[in-house]
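Novice: Residue-level listing of the chains:
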Amino acid sequence: MSDTPNNKSLFSDETIDGEIATLNLGPTHPATHGIFQNILTVDGEKILASEQTVGYIHRAFEKLAERRPYNQITPITDRLNYCSSPINNMGWEMTVEKLIGAEIPKRVEYMRVIIMELSRIADHLVCNSVIGVDTGALTGFTYMFQQREAIYEILEEVSGARLTTNMGRIGGFERDFSPRFYEKLEKFLKEFPKHFKEFDDLLTRNRIFMDRTIGAGGISGERALDYGFTGPNLRAAGVDYDVRVMNPYSSYQDFDFIVPVGTQGDTYDRFCVRQEEIRQSLSIIRQAIDKMPEGNYFAENIHEFYLPRKEDVYTKMEALIYHFKIVMGETPVPVGEVYHSVEGGNGELGFHLISDGGRTPYRLQFRRPCFIYYQAYPEMITGQTISDAVLTLSSLNVIAGELDA
Amino acid sequence: MSNLSNETVLARLQEQFGAAIISSETPYDLLSVEVTADKAHDIIAWLKTDGQLRMSFLTLIGAVHFPNDKGREICINYHVHSLVHNVRLRLRAFLPIEEPNIATITDIYVGADWLERETYDFFGVNFVGHPDLRRILNEDSMDYFPMRKEYHLEDATREDKDDRYFGR
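Chains Y and S supply the protein sequences, listed in that same order. Taking the working numbering, the leading residue of the first sequence gets 1, the next gets one more, and so forth. Taking the working numbering, the leading residue of the second sequence gets 1, the next gets one more, and so forth.
This is chain Y alone, in the form it adopts within the complex (with noise of 0.2 Å):
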């Protein structure tokens, strides 16, 4: 039984009606939104106990990781929290530039800041409608899907993927963002606000959802950090942990924006605070917009990382001798260990990577915040109906890719 306070339960401490049962919650289910299996044992409709299994979509990343060149494993990190693939990219970018001591311009910087906000805004979209849906609200969700798929146009409009974006370079981005891209994205800067108004107003003040989501899947501030828990989910709870404010990464210590938290650290909290991050996320969109600063879209000191650009290939010597060595994996790599965390979707994302000066990593090791939080899972829905833990599950934003590797 949960030792939090914040945990309501409909149950008297007695039984129903004594008859247990076993239930199984996934591995396919459509409430599960993803491949993880809960065997649950309930009485009735109150969950006695749960047991998770993972690994189904296990996928050997950091074996892969292994065997790949530095700039080949960009597209791994889009398949673990692929709500929100570019953060992961340039996480990933960021922790190679940190081993090599590479220089990057100011406005790759900022560049990067406007797209992993943006995605980090279509990630927490992605959990609080689906929070909707699982309460019964299936409205919100599609019109918060019209407003993804735009984000997905302006990643679309950068690298030319969707969802599994492999966005950018180690040193910077392939090319400049087109005038098409600030275009897409002034007029998505221009009607979301709306359109989330709308959404909003929908949920977020609506008796019926606060019933629902109010007291199901608590977690106190100690026992969410004594799990490991990071992101909004550790924040719902009331600690202030934030990757961009504690060790600001890519120049976010040059935007203003507030951290919201919670007390409770209940399925609401958790979506409020991701509600009032997408606000600051849209801030910082257009404070990054606004002062971008001139110069460079890509690190011009480390040609032997930054793949160079296709027509340089053709007719550039140096660029093709750049890009054979980059391709086949001949770069010079500094021995060293580095472990660099950002923010991701979900929280702390941690690369923690191991070079001895060979072409691939010799070890790589992923911090997966999902991975961390989700055993607290049985926890959290313990004495609670099965629709709370369907409720808990989506709104802890359990994401298959990144939970498995």
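Please note that the accuracy of each hint is not assured.
[As the list claims (entries may be wrong)] Heads up, simulated BS3-like pairs for lysine-lysine below, C-alpha to C-alpha not over 27 Å straight-line: (1) Y/K98 / S/K149; (2) Y/K98 / Y/K291; (3) Y/K63 / S/K48; (4) S/K149 / Y/K325; (5) Y/K184 / Y/K197.
[To be verified] Across the chosen pairs, the derived CB separations fall in these ranges: (6) S/D50 / Y/I258: 26 to 36 Å; (7) S/E25 / Y/P293: 30 to 40 Å; (8) S/N68 / Y/G336: 29 to 39 Å.
To be clear, the hints were calculated from the coordinates, so they are not data collected in a lab. Built from N, CA and C at the ideal position, the CB exists for glycine as well.
Guided by the hints, dock chain S onto chain Y, whose structure is given.
Specialist: Okay, now just chain S, sitting in the frame of chain Y:
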């Protein structure tokens, strides 16, 4: 937020545990301290409760396999973080591959549970005292530890592909 320097952390550790602290380095500003495997549990417990350091957040547990380092083949990394001072620390201990035993820290951090299971799953590290040390991401019937270096990503008997040209 106060200024807690890596030197202070190291000095405090050395003062408290003396011989258990083997060596230290600071790659990329992250203090990395090698400790003896038998003391790792106590050090992490002390770091969590110490009033000055307050390193009470476990970021990550991971392992690395160094097959050529006889007697210290498996390296366990513990990343702890003091959210109060915003200082990170990496503790590491080396274990022989024949007996990769180390005390579990699940009694200190609940969140260490799955991280230790994952490390067991991929490297075969035996976390002594872990309540439920089973495989987590791989299937239960697997009889080897796939992240160890002797297991190649591709079939090692393959002859049509020259490794010199394709990765490690």
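Novice: Please work out if Y/K98 and Y/K291 have their alpha carbons no farther apart than 27 Å.
Specialist: At roughly 24 Å apart (the allowed maximum being 27 Å), Y/K291 and Y/K98 satisfy the hint.
Novice: Could you see if the CB distance from S/N68 to Y/G336 stays within 29 to 39 Å?
Specialist: violated, 19 Å
Novice: Could you grab the alpha-carbon distance between Y/K63 and S/K48 and see if it respects the 27 Å cut-off?
Specialist: With a Cα-Cα distance of about 32 Å, the restraint between Y/K63 and S/K48 is violated, given a limit of 27 Å.
Novice: CB of S/E25 to CB of Y/P293, is that within 30 to 40 Å?
Specialist: Holds - the Cβ-Cβ distance for S/E25 and Y/P293, about 35 Å, lies within 30 to 40 Å.
Novice: Starting from Y/K184, check that the Cα of Y/K197 is at most 27 Å away, please.
Specialist: holds, 20 Å
Novice: Within 26 to 36 Å or not, the Cβ separation of S/D50 and Y/I258?
Specialist: holds, 31 Å
Novice: Taking only the CA atoms, is the gap from Y/K98 to S/K149 under or equal to 27 Å?
Specialist: Holds, at about 26 Å.
Novice: Just to be careful, I want the Cα atoms of S/K149 and Y/K325 compared with a cutoff of 27 Å; is the pair within it?
Specialist: Status holds; Cα separation ~26 Å.
Hint compliance for this structure: hints 3, 8 are broken, all remaining hints hold.
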